[in-house]
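J.: Starting from the known structure of chain X, fit chains Z and R onto it as the hints suggest.
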Amino acid sequence: MAGVAVLGIGAKPVLDVLAAGQGEVAGSFKLQKGEGALNAKQWAMVIDTRKVEKASDLEPMISACHKIHNVPQMENKNHEIKWIWEEEYHYAFPTATSRYMNEHAEHIPFLVLCNHCENPPCVRACPTKATFKRESDGIVMMDFHRCIGCRFCMAACPYGARSFNFRDPRPFIKETNKEFPTRMKGVVEKCNYCAERIAVGKLPACVEASNGILTFGDLFDPNSAVRELLKSNFTIRRKQSLGTEPSVYYIV
Amino acid sequence: MLELALKGNKKYFGWITALLVLVGIGFGAYLNQLGFGLGITGMSRDVSWGFYIAQFTFLVGVAAGGVMVVLPYYLHDYKAFAKVTILGEFLAIAAITMCLLFILVDLGQPMRMFNVILYPTPNSVLFWDMIVLNGYLFLNIVIGWNVLEAERNNVHYPKWLKPLIYLSIPWAVGIHTVTAFLYCGLPGRGFWLTAILAPRFLSSAFAAGPALLILLCMIIRKVTNFDPGKEQIQSLAKIVAYAICLNVFFLLCEVFVVFYSQIPEHMDHLRYLFFGLQGKSSLVPWMWTSMALMVLSIILLVNPTTRKNENVLTVSCLMVFAGTWIDKGLGMISGGFVPSPLHHVTEYAPTVPELLITIGVYGAGFLVLTILYKMAVGVKEEVRS
Amino acid sequence: MSDKKIFLMKDKNIFLIKDKKYIIAGLAFFIALFTFPFWYNSGKAAPGPEIKLTDMAKEAKECVMPTAYMRAEHMQLLDIWRQSVVRNSDNIYVNPSGKAFTMSLSNTCLDCHSNKAEFCDKCHDYASVRPYCFDCHIDKPKEIK
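Residue numbers (this note's numbering), protein chains in the order written: chain X, 158 to 409; chain Z, 41 to 425; chain R, 2 to 146.
Chain X on its own, in the form it takes in the complex (with noise of 0.2 angstroms):
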């Protein structure tokens, strides 16, 4: 109210219009899930890559991601954003890979995004707990308002899905989508399993647009559809040997 002050005695006209009812307490009011919201203990992702012949099978789902989530197009690649991306097999995993492999698997591209671990370290590092993990249903989320940009997040995970906004990112976002806020400059961001669309009952966006290739569902479940595909299927997840138990598996 500092505006207000300076303004001078005449501040009645303010106050009468500001201020009015401050006596008026908030009530009960109640705080709850809506109807149709998704429910999981532990969200997981299966991504079978037998299904993957070429890098256009991967485009619309990142495309679908980073167009609903105002994904900016940095025009440097140093300040580059992705929350969805594409790796070759030894850049994704680079402590599984051989000389001599399938032929399948060395040539398609890889899908890769944040693995929202079970235990994971930038959760850890956090000092203002900005990025948590959600008791009720495992997201690894990000809390926008609440990050100081000091990167040690990025530092932390081992898999290199997080990104910085090293500048003002709307200037650099080709379509708004409005139902999505955009980010700031100086604070970091990463995939959120879409958790704005499991709250209206809907799936990721990548996995909408994935055409099969993805299958979504709770870990924790021992019927949900993600756990019959890890029964029958070898699945390999990346950098597995680190402990951080990640939650998106890749049939290979």
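To be clear, the hints were calculated from the coordinates, so they are not data collected in a lab. Please note: incorrect hints may appear among the correct ones.
Stated by the list, open to error - Only pairs whose alpha carbons sit at most 27 angstroms apart, straight line, appear in this in silico BS3-like list of lysine-lysine:
| hint | chain 1 | residue 1 | chain 2 | residue 2 |
| --- | --- | --- | --- | --- |
| 1 | Z | K119 | Z | K278 |
| 2 | X | K187 | R | K100 |
| 3 | X | K359 | R | K141 |
Keep in mind the model is a prediction, meaning the values are calculated, not measured.
T.: Using the frame of chain X, we list chains Z and R on its own:
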């Protein structure tokens, strides 16, 4: 006692003005950074920490190095250091001030910095770093001020100060250990994931800190009437000698572990630093220079003839400072981020605005140092007369 | 030693007496400078902000909470909302009268109050407040027919 820093000759005020100019330039560059974002630096998605954090890491070491004059005097009654403990404590204050400023200029949202206090997170090492750094700053301010005030009035410092002084000794080791823990607990960064990181940090701290202290003592001797003393400088030089030997030894241990085990993932970081990786090799000349400086300084410091010669000693201390600065500042940070967790190589070099802000912070730190040292020297000259 | 102290205090006293007129002049200038806004603006009160409601808002008659509460505490309410949506995954707000709303600044608040420039900005500009919410949350101005 601050009024002692307000009196001085033309050279003194010329130096202060020069420092203020540097601070002004840095501040202007920082305003530019606040408006544009951290994109004006050379940092990238792959190398997300750069020059600022590198300087912070190095200067925590310099601050901890101040304990090397406090410990012998207060714990082991090494009377020779009586006159110089205040110099170590004031150096620590200036160094910590610079550390905190570097952290501040590195933040993407500095106006939210109090979130670290509003939402305390004990599982985060950064939270503890904030606590120990500010605690050490507070300790040194209280201890330094009271000890100097007591010296000025020719009385013994108050009794309640003794436990604080004793506390500051393990605390100094603590600040650098916690800073090392920032790095060595991250599972995704193999170059830093080593138990020897904290000992290595401490050894380079105890080399760089006292080396800088020696250089400052020589400057004080030249521009004021206060002489810290030949014996004191020689004792400090011996400490630097042992510390720099340890630092190079620890480095060689790392080299052995990595290259004898032949694990590609571990070798890649040192390969990048010393030989280049995937065709990128901008740090290679810097790293070899750092090695040469440190090895040469070992030879000159261990040999008593060259150590006792104060001209050669000045050069050795400069070499130690420069060598450890490159090793910890450039080498350790970039080495950890390159190659990235996905094995891509993105090189890093600071930009001009980044360097201007860095110079501004150094200017601010040296301003604090100058004022505090002027105060200390002023008291000593006053007591003598 | 105590001689030194008395000498210093004496110094301070001499300083005070000699510079009395400068100190008083300085104080007077300082007080005048810092009360400048008050006596310069006396009697000239700027009128309070006039905010316009959209048709959608007028139809709804009441906001998420009673108008008086919203005026005074919408910031706190938004804080509760963001805590709940981002950190607790609950996104439905049931107000004390039982009406349910989706907690979203862009999609609920700004959907109804789609005239940010004539609604939100009016009071914010008047009170010289610059909330940084709009750096990220997008306002969606509706077409003016």
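J.: Is it true that the CA of K187 (chain X) sits at most 27 angstroms from the CA of K100 (chain R)?
T.: 10 angstroms, holds
J.: Is the straight-line distance between the alpha-carbon of K359 (chain X) and that of K141 (chain R) 27 angstroms or less?
T.: 23 angstroms, holds
J.: Verify the proposed pairing of K119 (chain Z) with K278 (chain Z), using a straight-line Cα cut of 27 angstroms.
T.: 16 angstroms, holds
No hint from the list above goes unmet by this structure.
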